[in-house]
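Chains as they are written, first to last, in my numbering: chain G, 23 to 491; chain V, 23 to 491; chain X, 23 to 491.
You may find that some hints are simply not true.
Identical copies look the same in the list; a pair holds intra-copy or inter-copy alike.
Below, a list of computed lysine to any residue pairs in the SDA-like style, where the Cα atoms sit at most 25 Å apart [said to hold, decoys possible]:
| no. | residue 1 | residue 2 |
| --- | --- | --- |
| 1 | K372 | A238 |
| 2 | K179 | D437 |
| 3 | K490 | S95 |
| 4 | K372 | W229 |
| 5 | K372 | T299 |
| 6 | K280 | A301 |
| 7 | K280 | S300 |
| 8 | K280 | T299 |
| 9 | K280 | A342 |
Please keep in mind that the hints were generated in silico from the structure rather than gathered at the bench.
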Amino acid sequence: MSDSLTHPDRLLPADPGVRRLARSLLGAVENLPILSPHGHVDARLLRENSPFPDPAALLVSPDHYVVRLLHASGVPLSNLLPSQDGSRVPGSRTVWREFCTAWPLFDGTASGHWLRDQFQFVFGLSQPPSAGIADALYDELSAKLQAESFRPRQLFKDFNIEVLATTDDPLDDLSHHNALAVDPTFHGRVLPTFRPDAYINIAHPGWAENVDRLTAATGEPDTSYRSYIHALEARRRYFIDHGAVSADHGVRTPATIKLEETEAAHLFETARAGTATSAERDAFEAHMLYQMGRMSVEDGLVMTVHPGSFRNHHHPTFEAHGADTGHDIPFAISYTEAIRPLLQDFGTAKDFHLVLFTLDETVFSRELAPLAGFYPAVYLGAPWWFLDAPDAMQRFRSAVTETAGFSRFSGFIDDTRAFCSIPARHEASRRVEASFLARMVAEHRVTENRAYEIMFDTVDTSPRRTFKL
Amino acid sequence: MSDSLTHPDRLLPADPGVRRLARSLLGAVENLPILSPHGHVDARLLRENSPFPDPAALLVSPDHYVVRLLHASGVPLSNLLPSQDGSRVPGSRTVWREFCTAWPLFDGTASGHWLRDQFQFVFGLSQPPSAGIADALYDELSAKLQAESFRPRQLFKDFNIEVLATTDDPLDDLSHHNALAVDPTFHGRVLPTFRPDAYINIAHPGWAENVDRLTAATGEPDTSYRSYIHALEARRRYFIDHGAVSADHGVRTPATIKLEETEAAHLFETARAGTATSAERDAFEAHMLYQMGRMSVEDGLVMTVHPGSFRNHHHPTFEAHGADTGHDIPFAISYTEAIRPLLQDFGTAKDFHLVLFTLDETVFSRELAPLAGFYPAVYLGAPWWFLDAPDAMQRFRSAVTETAGFSRFSGFIDDTRAFCSIPARHEASRRVEASFLARMVAEHRVTENRAYEIMFDTVDTSPRRTFKL
Amino acid sequence: MSDSLTHPDRLLPADPGVRRLARSLLGAVENLPILSPHGHVDARLLRENSPFPDPAALLVSPDHYVVRLLHASGVPLSNLLPSQDGSRVPGSRTVWREFCTAWPLFDGTASGHWLRDQFQFVFGLSQPPSAGIADALYDELSAKLQAESFRPRQLFKDFNIEVLATTDDPLDDLSHHNALAVDPTFHGRVLPTFRPDAYINIAHPGWAENVDRLTAATGEPDTSYRSYIHALEARRRYFIDHGAVSADHGVRTPATIKLEETEAAHLFETARAGTATSAERDAFEAHMLYQMGRMSVEDGLVMTVHPGSFRNHHHPTFEAHGADTGHDIPFAISYTEAIRPLLQDFGTAKDFHLVLFTLDETVFSRELAPLAGFYPAVYLGAPWWFLDAPDAMQRFRSAVTETAGFSRFSGFIDDTRAFCSIPARHEASRRVEASFLARMVAEHRVTENRAYEIMFDTVDTSPRRTFKL
């Protein structure tokens, strides 16, 4: 590898024979569209189709993968992010200079890989960032961002995205999604996703108010538990009517409990009164995760579960800059007992799709592959967040495939708010899949013919089937 | 790899130099007999030596590895398994068709690998199953199964099995083992294994009745705790007299406690009265695991411990089809503190062999290798169940060898009830061991001469020594 | 690999192209000095510069890695170690014979690798130990050990050690360190490390007495909590004045709590009275770990944390032979919630360096890389103890680098009391780093130019910066 940004064989295995095969498997899917059934791009971005403001606002500030490593190296967050109240905003050029100076930090990281791909294939650059060229690069990129060809919709088309799911508040009116759906000049599918965390987790600072708003918005007669449940069901229907295919749950743990309605209602009222203990909070969240499963069985929304992240680990940073600023830290989780109440009742329910994710790798071979290898409802969520990196994705494949095969995989999920990184992330996933399959073929564990079929299924069939696209 | 079933270099590493060496190491043990010191084949099978009924009854229904993945893909278990009460039994041909249709699901799985080996080397097939050839294949295999050469004893001989241990109820009269031992026409060793779970776990539905039967069978004067212990000791002696070399323990967790006899007797009586709490259940099970260790020290039975599986995770399936139907799901365990009371007292006891297994891979490097690397009693159980697959076995080797070397390994355990898969499983293990050793040699960490010695020890010396064969 | 002791390409990857690159990366750092910022060599050894007594006392008895595996194979510890009271001491020649006979046990282990390197490069041997040559080898090595060239200071120089940190009792007068520092004939840096475990863990048998000695030694007016804290601060200053750069904490878990001073004082008095519960013991230890962090922020000592080992697992062995005799067994830990109180307050404190270690590999990708990838204070401790082996170090690299890059690494830590193994351990680490980087280059994930820079940083810059050398 010279000092150019990317190499055609990046991420492929070193062994010449295996690499040849991996290259060929990769080539067989290179024209397939991107299916992105879970992510955090804002639908407004595509609806408005305005130019991206500047390189730092596009590539640095909103990407907590990038911000966090700069912070670890000693750059104060106030040089990278606006203050929570918006009163102080670092200059874009300052942010960009910090990033360019810190570029060597990203060697060997997933972020570095995605950024190099973007620089070369989205922005047509030929050399990596560095302190010396920071300003020139800023100017070059800024100019490009003004061009028609860098508008979100044109990029959406150039990226060959067929489906892009967003993640939305249950009370979002989905007007942006709607506008895109009826716009004859836009041909992609931009689907909302129902994400009710702030309405379910009673420890969320806005929970009580959210319940008020929720029941009011759906015309419920009161704010009772029953009305609350009806309101959630109503908003799910609204999302379905606007194209949603899944509901996503960012829970602390994957615990589920089936409570009697009276017990649940009692917990709900205790929470409304602000007197719930942390045990009651956990019980209510577990109950509601079960209820979300029950609703998915009834209304058909695919259920995705993303547990195990300790959010906002550094409180002073949260106070200063808000959430999603790079200090969510995973911890150990276990699905086996936690998810059992839900699976007892719905693990074989017709057309119920439950996609389980983890930030704790130990769960892959120990729990997820065995669960997905028995329950028709359970799909193996793709390696997520800190694990959506080349080596980690190889470990995932190795950990789950021998028990669950290839067919129980959800397909790749980019889970990103960094729009321009979407092709790079999917490309990296495809390269890892091709590398794993090439090794399977080289070790005579999968035939070459089947490897091509599996490669296609992994990239195309799996996400379509799992997410009912 | 063409579309043929197997390749001579299957499971060997892709690098040409390493592969050459692995092939040679594998060749050096190819004529060594199979030693199978832990498994679930029924001794009656060999005693009666009847033809296997049909391909589905041989290869599909009894193999929960196979059934589970078909079920996950949407095949109802009622199409694959008899109902628990035996009132409904799916037709063999139906089961077989489901399996053949679902064959691609097994790509990349351990089951798929074992099945391909069986199809080629046991049944002489030249192509994999598929929907189109399901009926023809069923007929072809059915015809073969009637031949003298496919009778269990002939296969036992052709498989080059020297020792096969079964797993047996403590009250089994071991008449099949006995008959085989005295039969001058049968030359293998078929050894019983003492498996007292249902007599020790007070949560087991039949526990109280089992205690009654146990004490009655051994002529104890009453059903007191002391008589219960005597009865277990007596049945262990009976097993030893009938050739048993080990006692196996399928516990929930590896907890051990040394209780005073009065305390244990009190717990026992509480359990007999049906009023034990779950904490008391756990304490009694931990106490009994300690007692089993104490008995092993005294009577010399090798003690094997298989913890960490949540049995019958999906209750509706258990109700419909019974246990061992593919929904036992592992969870996180820890040996370090749990097994300490036993090791305090018996970890250096003369001739005590304690083989520790895990379904939680995290235990390999963190606990098992350190324990087996200090305590003369502790042996590293082979990767078990979901982990007895090529990549998982490589991870095991990598995780334990640097701390515990090769000498603390128990040897491979097939743990299977699928008789015809035994050679394939041992062959896969040998291929993985050869591959690991070949890498060690290629990285100049083990000399080539020693690699051949270690290969022999791993396949032959280790199981003989660990299991006192 | 012939039967010679070592090969120039040992530990390098098998693929010829990757190996070539790894060899070149390794060559680029071969003349860099050894920086050993954490270990257990006694400063007296270098101060006195006496000949090592004999091969067994040098290479076997003090190395619990070696002793433990001999013990596991059946050699009684009384044949290898003195009794705790010193009344029985096995003969050196006996110990040596046991070791030579058991040599094949070490195949594939980290210990075996380090020993082979030592035999060849420190002692100039050309063949491995074996029963047949035990006595001859003992004589040959004994003779060498009398030579001037095998004195500790000459070896220190020949090993190219620039910095060697010891681990010391807070009341150590550091006279040996002092003598070395002012000795114009000795040119290395031998730095003390403040290790207060026995003064902080109230379950330590000597704790109460240690507090008496501590407060007396620093001239405190009484043995109150406040005096105790002052005394610890005073001894840290004493260590800093004598060259210490870090304080090390061998805690059971990484729990930290910030208690009010009155509450802490109350716990302290309860502990002094000998009536603390185990929950109070844990709370006090967690509080003191927080206090140690607070002191490090104030006085600048780098803080290293080594949790998760169950010390003296086999009590009979502890009774007979004392601590550090091979039966410390790791268990599962978690940093995310445990270390949070400390990081809340000091995670971004200026010049605070907190190096986190683990024996539980699951923590690498799940917690340590995310923590070190956000908090400027947190550095990734090198793979430690059972994990400082070639494959385990590769797993560490793979687990952390994609999230945290290379820049958050502490540098290699040998953590050894086996003086002659220091070069072998650092060499092994360099070989693993070169191998990992060579793969990154071969997979086009890091440029070749950057790989050389990263290689240098990893070996030289990282430990200097992390440990403020």
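*Hint numbers the structure violates, sorted upward?*
1, 4 and 5
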